[in-house]
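Visitor: Model the full structure from these sequences, guided by the hints.
Sequences listed follow chains A and B, in order. Reminder that position 23 of the first sequence reads as 23 in our numbering, one-by-one numbering, no gaps. Reminder that position 100 of the second sequence reads as 100 in our numbering, one-by-one numbering, no gaps.
Everything labelled a hint here was simulated from the structure, so no lab data went into it. Note that beta-carbon positions come from the ideal geometry of N, C-alpha and C, so glycine has one too. A few of these clues could be false.
Pairwise CB distance ranges, derived in the manner of DEER restraints [to be verified]:
id, chain 1, residue 1, chain 2, residue 2, range
1, A, Leu101, B, Leu16, 55 to 61 angstroms
2, A, Leu318, B, Pro153, 26 to 32 angstroms
3, B, Leu16, A, Thr147, 45 to 51 angstroms
4, B, Ala119, A, Arg21, 20 to 26 angstroms
5, A, Val302, B, Leu16, 30 to 36 angstroms
6, A, Leu145, B, His154, 53 to 59 angstroms
7, A, Arg319, B, Asn38, 46 to 52 angstroms
8, B, Thr118, A, Ser287, 52 to 58 angstroms
9, B, His154, A, Leu101, 31 to 37 angstroms
10, B, Ser27, A, Arg216, 31 to 37 angstroms
11, B, Gly140, A, Leu284, 26 to 32 angstroms
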Amino acid sequence: MAKSIPAVSLPGSGRLLDGTRGLLAIVLLAVFLYAVIPLVFSGRAYWFNVMTNAALLSFASLGVWITFAIGRVNIGQGAFALLGGYTSAILSTTYGLSFWLCLPISALAAGLAGFLIGWPLLRLRGIYFAMVTLSLTEAVRLLFLNTLGASGGGILNIPRPAGLSTPLAFYLFAATLLLAGYLAVWRLANSRIGWVFRSMRENEELTMSIGIDIARYRVLAFVLCSAMGGVAGACFAALQQNIYPATYTVSDSINFMLYCFLGGLDYALGPIVGAFGLIMAFELLRSIQEYQALLYGVLMIVVMLFLPNGLLSIGALLRRGAR
Amino acid sequence: MSFLAIENLTKRFGGLTAVNDISFSVSQGEILSVIGPNGAGKSTLFKLIGSFLKPSSGRVLLDGAVVSGRQPHQVAQAGIVRTFQETTVFKEMTALQNVVVSHQLGLKATPFGAYFSTATARADARAAAESAAEILDYLGLGHVKGELARNLPHGHLRALGIAIALAAKPRVLLLDEPFAGMNPEETDRAVEMVEGIRKRGITVLLVEHDMRAVMRISDRIVVVSFGSKIAEGLPAEIRANPAVIEAYLGQDDETIGSY
Numbered sequence: 001m002a003k004s005i006p007a008v009s010l011p012g013s014g015r016l017l018d019g020t021r022g023l024l025a026i027v028l029l030a031v032f033l034y035a036v037i038p039l040v041f042s043g044r045a046y047w048f049n050v051m052t053n054a055a056l057l058s059f060a061s062l063g064v065w066i067t068f069a070i071g072r073v074n075i076g077q078g079a080f081a082l083l084g085g086y087t088s089a090i091l092s093t094t095y096g097l098s099f100w101l102c103l104p105i106s107a108l109a110a111g112l113a114g115f116l117i118g119w120p121l122l123r124l125r126g127i128y129f130a131m132v133t134l135s136l137t138e139a140v141r142l143l144f145l146n147t148l149g150a151s152g153g154g155i156l157n158i159p160r161p162a163g164l165s166t167p168l169a170f171y172l173f174a175a176t177l178l179l180a181g182y183l184a185v186w187r188l189a190n191s192r193i194g195w196v197f198r199s200m201r202e203n204e205e206l207t208m209s210i211g212i213d214i215a216r217y218r219v220l221a222f223v224l225c226s227a228m229g230g231v232a233g234a235c236f237a238a239l240q241q242n243i244y245p246a247t248y249t250v251s252d253s254i255n256f257m258l259y260c261f262l263g264g265l266d267y268a269l270g271p272i273v274g275a276f277g278l279i280m281a282f283e284l285l286r287s288i289q290e291y292q293a294l295l296y297g298v299l300m301i302v303v304m305l306f307l308p309n310g311l312l313s314i315g316a317l318l319r320r321g322a323r
Numbered sequence: 001m002s003f004l005a006i007e008n009l010t011k012r013f014g015g016l017t018a019v020n021d022i023s024f025s026v027s028q029g030e031i032l033s034v035i036g037p038n039g040a041g042k043s044t045l046f047k048l049i050g051s052f053l054k055p056s057s058g059r060v061l062l063d064g065a066v067v068s069g070r071q072p073h074q075v076a077q078a079g080i081v082r083t084f085q086e087t088t089v090f091k092e093m094t095a096l097q098n099v100v101v102s103h104q105l106g107l108k109a110t111p112f113g114a115y116f117s118t119a120t121a122r123a124d125a126r127a128a129a130e131s132a133a134e135i136l137d138y139l140g141l142g143h144v145k146g147e148l149a150r151n152l153p154h155g156h157l158r159a160l161g162i163a164i165a166l167a168a169k170p171r172v173l174l175l176d177e178p179f180a181g182m183n184p185e186e187t188d189r190a191v192e193m194v195e196g197i198r199k200r201g202i203t204v205l206l207v208e209h210d211m212r213a214v215m216r217i218s219d220r221i222v223v224v225s226f227g228s229k230i231a232e233g234l235p236a237e238i239r240a241n242p243a244v245i246e247a248y249l250g251q252d253d254e255t256i257g258s259y
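Guide: What follows is the structure, encoded as structure tokens:
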């Protein structure tokens, strides 16, 4: 009897925060972000920067997870991170706008771009959509490389956001952003909208046939994804205090997608687990320099081979084993 | 004015005319079947009525309003809902979830309201859950509602496909070969099911191969062959129609049979 479906997941059944398991994930994530990381890395600025970066990459990846939810493989998140990053960088350096104003504007700009690009592109499915989004990252990189000319497209000396002068402060801001993003996406996935997304992922024609305007829902998913990419890009530019066309490349776009896979596509927590897992593994493997990439690759293959549904599926596997 | 009118519907694919100038009308509460040999254009006609294809010419009207050429979801909103052949359901959801998630029309809360789980949205969800349970019981799926759809046997999947369509509260239900691949007992049950759907006040238009079931269930029958309508009438008239017998020549006599 429906072993893999938890009883709470009746479409749009309950209250705002239904399901003990969902609540548990939120509490665990909060403890990890606010207690475990600050305690473990206390006083180590380098690691705080790594963790801030991990939180921001998780946030962008969480957006990609939304497009996975409608059944599209999106390898274009780097493009929107770049867009958001440049929007914020230009507004804060040229026009002297506060970061706290630049941030929502970046989200809007990236979301708008997502709307304009997504409306026609989302008709494509499968490998075609994936390929087009992949080229999008490269196209946006070239756009900034060529239009911003002389300086090689880079923008330097982006001011630090007011109030975030220490690595710890910036980290706590990124952690809060991530937690809020997770809450929002988790709620989305469990609301009626999330169930429509799920139906679309399973069968778009059947979903149309019951009266759903799938084009609208597709664009909604893509706009949310793009806006989250824009926010992550703006924060990263502020963290690094600079941005270049190569700040987000095709390989970053691929990574955003990989984090989702690695953590598990069935869980909104998946991209976060995937991103933190991979980034920490990468950092820890730094000590063995020349073998870093090799071991990293082997690690990926092993996980994909034995946990094809992602790291988080280990819980479901254990539960099934115990039965 | 007829309830559902198909007027001079034509669909060309390149040089091939799959549906050629077909007209007929369906009254409210009727069960009308479209039959024809393989490749006669039944499926194309079906997709045209459900607006999954756009006609080359001609139109479809429901209650006097043109529905052809619109998007499939708009046609569903207007009250024409189709089923799919075989096992088109949401396989990774339970039977109950399949039907609950298909209750997307006539909701009171906006998607925004649903996101924040307002009182209206919770009322919607309760109503959908109740209605879904009722539909599943009605179609004899009550005992498997917690089962994942991909684990359900064939016959149940067909019924689940119909349950999904019923969740969209159709005025006209288009059934695509509801009896295909069924043994006589299964067909009997499916025939009862279709009768039951009519009792719920839903007009049924079905496209079918199985003459036996069609003769039993239909109020009227439309016969198509090579894209054109060759006959229309009561089952008894169709059985005696020379053009129909002609079209089915080469098939087993038994397919037409003496029902």
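Visitor: All hints, please: hold or fail.
Guide: These are the hints, each one checked on the structure:
At about 60 angstroms, the beta-carbon gap between Leu101/A and Leu16/B stays in the expected band of 55 to 61 angstroms. The supplied range of 26 to 32 angstroms is met by Leu318/A and Pro153/B, whose beta-carbon atoms lie about 30 angstroms from each other. Our hint of 45 to 51 angstroms for Leu16/B and Thr147/A holds, since their Cβ atoms are close to 50 angstroms apart. At about 25 angstroms, the beta-carbon gap between Ala119/B and Arg21/A stays in the expected band of 20 to 26 angstroms.
Checked against the given bound of 30 to 36 angstroms, the beta carbons of Val302/A and Leu16/B, roughly 53 angstroms apart, lie outside it. In this structure, Leu145/A and His154/B meet the distance hint of 53 to 59 angstroms, their C-beta atoms being roughly 57 angstroms apart. In this structure the hint that Arg319/A and Asn38/B lie 46 to 52 angstroms apart at CB holds, the actual value being about 48 angstroms. A hinted range of 52 to 58 angstroms for the beta carbons of Thr118/B and Ser287/A is consistent with their spacing of about 53 angstroms.
Hint check: His154/B to Leu101/A, Cβ distance near 59 angstroms, so the stated range 31 to 37 angstroms is violated. Checked against the given bound of 31 to 37 angstroms, the beta carbons of Ser27/B and Arg216/A, roughly 35 angstroms apart, stay inside it. For Gly140/B and Leu284/A, the hinted distance range of 26 to 32 angstroms is not satisfied, since their beta carbons lie about 57 angstroms from each other.
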